[in-house]
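Chemist: Can you build the whole structure from these sequences, using the hints too?
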Amino acid sequence: MTDFWSGWIIILTSTQLIAALWILLGNRKKPEAEIKTTGHKYDGLEELDTPLPTWWVYMFVSTIVWSVGYLLLYPGMGNYQGLLGWTSTGQYDVRVAKAEDQYRAMRDRYLAMPIEDIAFEPKVRKMGRRLFGNNCAQCHGSDAYGAHGFPNLADDDWLYGGTPEAIKATLIHGRQAAMPAWQTILGDSGIKETTQYVLSLNARDADARDAAKGAQHFQTYCVACHGPEGKGNQLMGAPNLTNGIWLYGGTADQIAHTLRNGRNGKMPAFSETLTEDKIHILTAWVYGLNRSSSQATTAANF
Amino acid sequence: MNSQHDDVIAVDAVVPAEVSELDKQQRREKIYTRAIEGHFQRLRLYTGWPLLLGYFLLPWLMYGNRQAVLFDLPARKFHIFSLTFWPQDLVLLAFILIIAAFTLFAVTAIWGRLWCGYTCPQTVWTAIFMYIEQRFEGSRSQRIKLDQESMSWEKLRRKTLKHSGWALVAGFTGITFISYFVPIRQLLPDLLSLTANTSAASFALLFSVATYLNAGYLREKVCTDMCPYARFQSVMFDKNTLVVTYDTKRGEPRGSRKRFATKEAHQGDCVDCELCVQVCPTGIDIRAGLQYECIGCALCIDACDSIMEKMGSPKGLVSYTSENALTGNEITGLPPKTLGYIVALAVMVTLFSFSLVNRSLIELSVSRDRGQLYLPAPAGLIDNVYELHLTNRSDQAKVFLIEVDGIEGASILGDAAVTVPGGELLELGIRLRADPNRLTRSGTPILFRAVSISNQTVYAEAESRFIRPTL
Numbered sequence: 001m002t003d004f005w006s007g008w009i010i011i012l013t014s015t016q017l018i019a020a021l022w023i024l025l026g027n028r029k030k031p032e033a034e035i036k037t038t039g040h041k042y043d044g045l046e047e048l049d050t051p052l053p054t055w056w057v058y059m060f061v062s063t064i065v066w067s068v069g070y071l072l073l074y075p076g077m078g079n080y081q082g083l084l085g086w087t088s089t090g091q092y093d094v095r096v097a098k099a100e101d102q103y104r105a106m107r108d109r110y111l112a113m114p115i116e117d118i119a120f121e122p123k124v125r126k127m128g129r130r131l132f133g134n135n136c137a138q139c140h141g142s143d144a145y146g147a148h149g150f151p152n153l154a155d156d157d158w159l160y161g162g163t164p165e166a167i168k169a170t171l172i173h174g175r176q177a178a179m180p181a182w183q184t185i186l187g188d189s190g191i192k193e194t195t196q197y198v199l200s201l202n203a204r205d206a207d208a209r210d211a212a213k214g215a216q217h218f219q220t221y222c223v224a225c226h227g228p229e230g231k232g233n234q235l236m237g238a239p240n241l242t243n244g245i246w247l248y249g250g251t252a253d254q255i256a257h258t259l260r261n262g263r264n265g266k267m268p269a270f271s272e273t274l275t276e277d278k279i280h281i282l283t284a285w286v287y288g289l290n291r292s293s294s295q296a297t298t299a300a301n302f
Numbered sequence: 001m002n003s004q005h006d007d008v009i010a011v012d013a014v015v016p017a018e019v020s021e022l023d024k025q026q027r028r029e030k031i032y033t034r035a036i037e038g039h040f041q042r043l044r045l046y047t048g049w050p051l052l053l054g055y056f057l058l059p060w061l062m063y064g065n066r067q068a069v070l071f072d073l074p075a076r077k078f079h080i081f082s083l084t085f086w087p088q089d090l091v092l093l094a095f096i097l098i099i100a101a102f103t104l105f106a107v108t109a110i111w112g113r114l115w116c117g118y119t120c121p122q123t124v125w126t127a128i129f130m131y132i133e134q135r136f137e138g139s140r141s142q143r144i145k146l147d148q149e150s151m152s153w154e155k156l157r158r159k160t161l162k163h164s165g166w167a168l169v170a171g172f173t174g175i176t177f178i179s180y181f182v183p184i185r186q187l188l189p190d191l192l193s194l195t196a197n198t199s200a201a202s203f204a205l206l207f208s209v210a211t212y213l214n215a216g217y218l219r220e221k222v223c224t225d226m227c228p229y230a231r232f233q234s235v236m237f238d239k240n241t242l243v244v245t246y247d248t249k250r251g252e253p254r255g256s257r258k259r260f261a262t263k264e265a266h267q268g269d270c271v272d273c274e275l276c277v278q279v280c281p282t283g284i285d286i287r288a289g290l291q292y293e294c295i296g297c298a299l300c301i302d303a304c305d306s307i308m309e310k311m312g313s314p315k316g317l318v319s320y321t322s323e324n325a326l327t328g329n330e331i332t333g334l335p336p337k338t339l340g341y342i343v344a345l346a347v348m349v350t351l352f353s354f355s356l357v358n359r360s361l362i363e364l365s366v367s368r369d370r371g372q373l374y375l376p377a378p379a380g381l382i383d384n385v386y387e388l389h390l391t392n393r394s395d396q397a398k399v400f401l402i403e404v405d406g407i408e409g410a411s412i413l414g415d416a417a418v419t420v421p422g423g424e425l426l427e428l429g430i431r432l433r434a435d436p437n438r439l440t441r442s443g444t445p446i447l448f449r450a451v452s453i454s455n456q457t458v459y460a461e462a463e464s465r466f467i468r469p470t471l
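Just so you know, the protein sequences line up as chains A and B, in that order. Using this note's numbering, you'd call the opening residue of the first sequence number 1 and step up by one each time. Using this note's numbering, you'd call the opening residue of the second sequence number 1 and step up by one each time.
None of these hints come from the bench; they were simulated from the model. A hint or two may mislead.
[To be verified] For lysine to any residue, the following SDA-like pairs were computed, each having C-alpha atoms within a straight-line distance of at most 20 Å:
no. : chain 1 : residue 1 : chain 2 : residue 2
1   : A       : Lys98     : B       : Asn197
2   : A       : Lys123    : B       : Ala75
3   : B       : Lys30     : A       : Trp55
4   : A       : Lys126    : B       : Ala75
5   : B       : Lys221    : A       : Gly262
6   : B       : Lys337    : B       : Ser319
[To be verified] Here are some, though not all, of the chain A residues that point toward chain B, as calculated from beta-carbon distances under 8 Å:
no. : residue
7   : Glu121
8   : Tyr145
9   : Gly149
Think of the CB as a built atom: it goes at the ideal place given N, C-alpha and C, for glycine as much as any other residue.
Modeler: Listed below in structure tokens is the structure:
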């Protein structure tokens, strides 16, 4: 707040307080005084000018005293912070800390247990779902089945491994994928040939001649990460190219685009956002997801 | 029968109630009510006791393993025996309030201030406190004398006993009130061992102090100065409403006379004993006519009847009667306004019962994932992702099957069969897959339905939309 608006508020507030007190005291009459009338008289009804009840006056005064005390202790006068140093964010932090304390014991109990043992615990499923909804669903979808560029967490295919340790490591440190761009090295024809080879890996229609040339490119450039059979490598986060699961789409055009420009998928690290016990529960939830839900097939037909 | 002019009462025919100068300054003298016994006082006792017992004993009743009547504010669930109300049922509370209001209107139009005189907690608790007062400080005249005396051991003893009695009743009242919100079987031991939750304890204290002050000191001032209902009740009155009335024609001119003495020709039945004034809890003289202070407690009727009996005159000089009955214009049946109240009441009760019986115990809400409009899926299909919130407000766990209507051939990916524990909310991510070529619009309205597997008639629905790319 600028000094002007701070001063504006201070002047308005103090003027009102003083005015209220002045109006009250200025209109005060002795209760013993003779009862007067205001002079308003209609239809035989006369308005009396009775003094204010004493208890009411004291109540009014006490509200003014209260407000002065309040304005001293709490921020109310422009930029003045108040003697107590109270802030709304400070109060929020206190409440959050209190809630953390309340639930820490329960979460710590789960933290001491192996992921495999708690993955199907109803409380863990519930807490994990909430944590997922708040932190992960934006990219991976409310159902955790993923989206374009964001992997499905509910299937059996893992980029960096599906063991409790691997999932936890992904959550804590995040992941940075590095599929290089091959346009300058392979050229237009090289991209086309390699694309045909990748299609053939999935037993899809491919130009046999191009695929044969593509296989050579693959064994030269791609083999280091994706392996000689294109099965991928979880240590490097290189996806399996033979199972029909595509992070960035599986059409020939989409595969060629990936080859030409590379991909740099990024999973953020959550060690700063979530505490260890919450990451442990989230890991258990994701781990259990893979095993509890029916696979990504049509569960019901209509 | 009545021409319009007959309704108009000449101003000078009405004798105004005496208003003292002191009254203008709102300084009232303390009212010392005289205890009286009689028909209406017994009636109040017989109606009051069940209500009081109900209030004090209800929290002790158990239903299953919980308190039968419990308004659980932190959990936002109101339990009344087998029924559990959630915040979504707030509309029912509105119905209850409307029903209560119309019941009050109808009762007031017919019988006057029945609520004030017999059932209002202010009246009932004041009566309890007055009984305690009388028990320890004696009759009306004894109390006046005691208050004028200077402090003595005897006065101190009597006052201490009275205040202890008041405090005890007030304390139990406050604790009982809070126990409708905090289980009493846990609250009472906690309070006694000083380990109760601070807010529960302070609210119990607050209500105890309020009871103590209201029933001990404020008493009739609550009715005359604070209660809005006391003021607007007169709006419901008509000429057929039963009000406590002094029969001026019969009573005036008033004057004292000896017991069973033949009254002189000019004398009325009122012997001016002032007993009706002494028993009045609001300190008015009913003989001055209908006043807003009169709560219709009928103590003055009991008082006057007892005197009339002794005097050998017929009872009913002060009685429950209507203006029309006094002037001989009694009508049969109900006046249109009262009939209107009763019709409105009947309609509201019907609506309420209907909503209560048809209240859905499950609720479904759907929101689309905002991250992506649609997602490409294998074989040229597209996906939309939704988050479903399925609430099961019943006591038992239920298994639901999620269905979707609106798109032919659409399929649900993921768990279509889900279990929701009793009284819980399930958050569920659902992916819907459809062929965009079969959709005629870019946004197709769809209807999600959660159907209970055990009972197909139990289901909840929620609308949403399926979005496809521009083709």
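Chemist: Sort out which numbered hints this structure fails and list those numbers smallest first.
Modeler: 5, 6, 7, 9
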